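Student: Quick note, the sequences are listed as chains B and Y, same order.
Position 168 of the first sequence, counted from 1, bears residue number 168 in the numbering used here, the numbering being contiguous throughout.
Position 483 of the second sequence, counted from 1, bears residue number 1483 in the numbering used here, the numbering being contiguous throughout.
Please keep in mind that the hints were generated in silico from the structure rather than gathered at the bench.
These numbers were taken from a predicted model, which means no experiment stands behind them.
We treat Cβ as the ideally placed atom computed from N, Cα and C, and that holds for glycine.
Any given hint could be a false lead.
[What the hints assert, rightly or not] Only part of the chain Y face toward chain B is listed, based on derived beta-carbon distances under 8 Å:
no. : residue
1   : L1227
2   : R1298
3   : L1337
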Amino acid sequence: MFRIIKKSLRIGVVTGRYQKAEQPELPVTPEAQDKARPFKRSLAIREVDTGSCNACEMEMSALLNPVYDADRFGIHIAASPRHADALVVTGPVTVNLERALKDVHKQTPDPKIVIALGDCAINCGIFKGSYAVTGPVERHIPVDVRIPGCPPRPAEILAVLSELQGKNKTA
Amino acid sequence: MSEAMFCDDLLTAAFPGILKHDPICAKSSHFTVPKDRLPAISHYIHTQPSLRGRLTLLWACDDRPVRDSYGLYYLFTLEASHHWVVLSTELAGHDRLFPSITPHIHAAQWYEREIRDMFGLIPQGHPDLRRLVRHEHWPKGTHPLQKDFSWNHVLERQQGEYRFHHIDGEGVFEVPVGPIHAGIIEAGHFRFSVAGEPIMQLELRHFWKHRGVEKLFEQLTLTDAVLLAERVSGDTTVGHSLAYCHAVETLLDLQVPRRAQYLRSLFLELERLANHLGDIGAMCNDTAYALAHAHCSRMKERIMQLNDRLVGSRFLRGAMQVGGVSWDIDRSQLKLLVEELDGIQRDFSEVGAIIFANASLTDRLESTGVLTERIAWDHAVTGVVGRASGMDQDVRRDRPFAAYDELPVNVALYRYGDVRARLRVRNDEIHEAIRLIREIHARIPDGPIASEPHSLPKPGAWTLAAVEGWRGEIVYMVMAGKDGRIHRCKVRDPSFVNWPAIQWAVLGNIIPDFPLINKSFNLSYAGNDL
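Please construct the entire structure, taking both the sequences and the accompanying hints into account.
Tutor: Okay, structure coming up:
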């Protein structure tokens, strides 16, 4: 017990110890911000993988670690699309997952926002044109926000999400 | 050399009809065998006590543009000498049938189903001929790796249903999970049959994320395809790009400078560190031990930020190139790196002491998800999962690549095969990785970091390369085409061999323990589905 407390005291607070992101490459449009207005300071996200290389997933998970701690901005991960305000879609949409993506989109209650995370989701990246890929995401469902990068850094994701929530300054 | 002679003599004595070729790379032998004798010869290599060959890779190749045939290749790694034996055979003309070796060698099951889907060749005698990669909505007769199938073909949709294995009986019910999961996880489908709490059967249904990686390789040149190799499985960026580069360098007969070899080992160990730290945290998290998770993900983040400072990518992307590495790390950076890692090691030792002293955690981990040595051997399981089940193998030691010929590795080995053993292997490997990086710092020579390719390989030349990534043995087969392009590239992530084994590890466990067992394997869906 004392060991655990001692350890925690020694480490102290690590939240915020990262290099702040520069201005996002693709700014969040006013329409997307309007769409996000009903969610105010709380955004429940469902992450949908449609064939990414899993680097984007790792960066999404990193958002929840003590360093970025996205929860402090009211951003949390929902376990089901039915609990979600926003879908974060990664990957170039493979033929095998096309239907799953459409289903998830249908299951998410309105109003909802779709965020395409990573180059693959935005334009299929290096997998463009492959027989097994039917993307990009916007071919199948309407996309409101795009976060480019291969993969985007957690700080960049956080900056865009903050902008979406109407907090123009990054955390 | 004597080992090689011994194995070759043994095989040619037992099977007089087989034809020996020049070895395709160091420490290997290559034989052509008649198609109908394939099961007998592979069975002999697999079971003969002095050979004990583990099926490492099985791939096919469409040679029809050049000669009227398909090639089939079987790679075995001998247990004692770690020597590679390749058996190859040809299906000439309109022959589309080959004898299945699955009845003798269980590890071949997914490979043969994959060949059927991708090439349309039929493994005769295979006990399970359902589709694997092509889901049921793919039209009949589409075999993407045939040369006359265009890489940007647009697939039509047809109706179809996958037939799961059902267990019938009173009180038996099925629990389907996925492909979209309740966390930040990749896409895959699991179907449990349970009666009460314990799992009676788990059936995997994967390949949702199939992106056509192997076909895409064939559209690229040998030097450009590193970018694609980095994106086969994002968390193994270095492992995959390194294995690919090794194969291409053997083809081009390219000498990689020593400094580059050391830097490659450094990048590989950094990747191992980050992922193992994350895994230990995630395993603790699945037992609801949030404190350990927070500490481990904090340390993982430190390594990721360190990577970013070193080469400008948190996943070390762009660090590897054919002929060497593209980023040098100078002495002062290396010194800072080692100092930071010393700090992380102290930090991790304290967290490790807290984790292993926790009795309720131990209670969850011990005897959960046991993978016995026998089942591990039958599936030819590799990497962390194998070493936790008593499979004493590590490519860094057995077939040294990069700078590991000068950096002896202490291999972590446990026999219980439960979740705790897999945690312990990772724990030991974290300390070992930091020790290796210290060694690299002490020994790294000065010099150039890359050499330029000066020639093109002969079309049809092929080779193999294996690398011990953080998950396990990554194997690449690269066959050169015309004008420095790729004719065929077979990628094998350790996940492809370890996934089927998880179906056995969960038996008798309860469903709430499945996430924990799954996490202790931590396999890649992207690397498996390709």
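Student: None of the hints should be skipped; say for each whether it holds.
Tutor: A quick look at each hint next to the structure:
This hint holds: L1227 of chain Y has a C-beta 6 Å from the nearest C-beta of chain B, less than the 8 Å allowed. Checking R1298 of chain Y against chain B: minimum C-beta separation of about 5 Å stays under 8 Å; hint holds. Against a cut-off of 8 Å between C-beta atoms, the interface hint on L1337 of chain Y is violated, since the closest Cβ of chain B lies about 17 Å away.
In this structure, only the earlier hint numbered 3 is contradicted, and the remaining ones agree with it.
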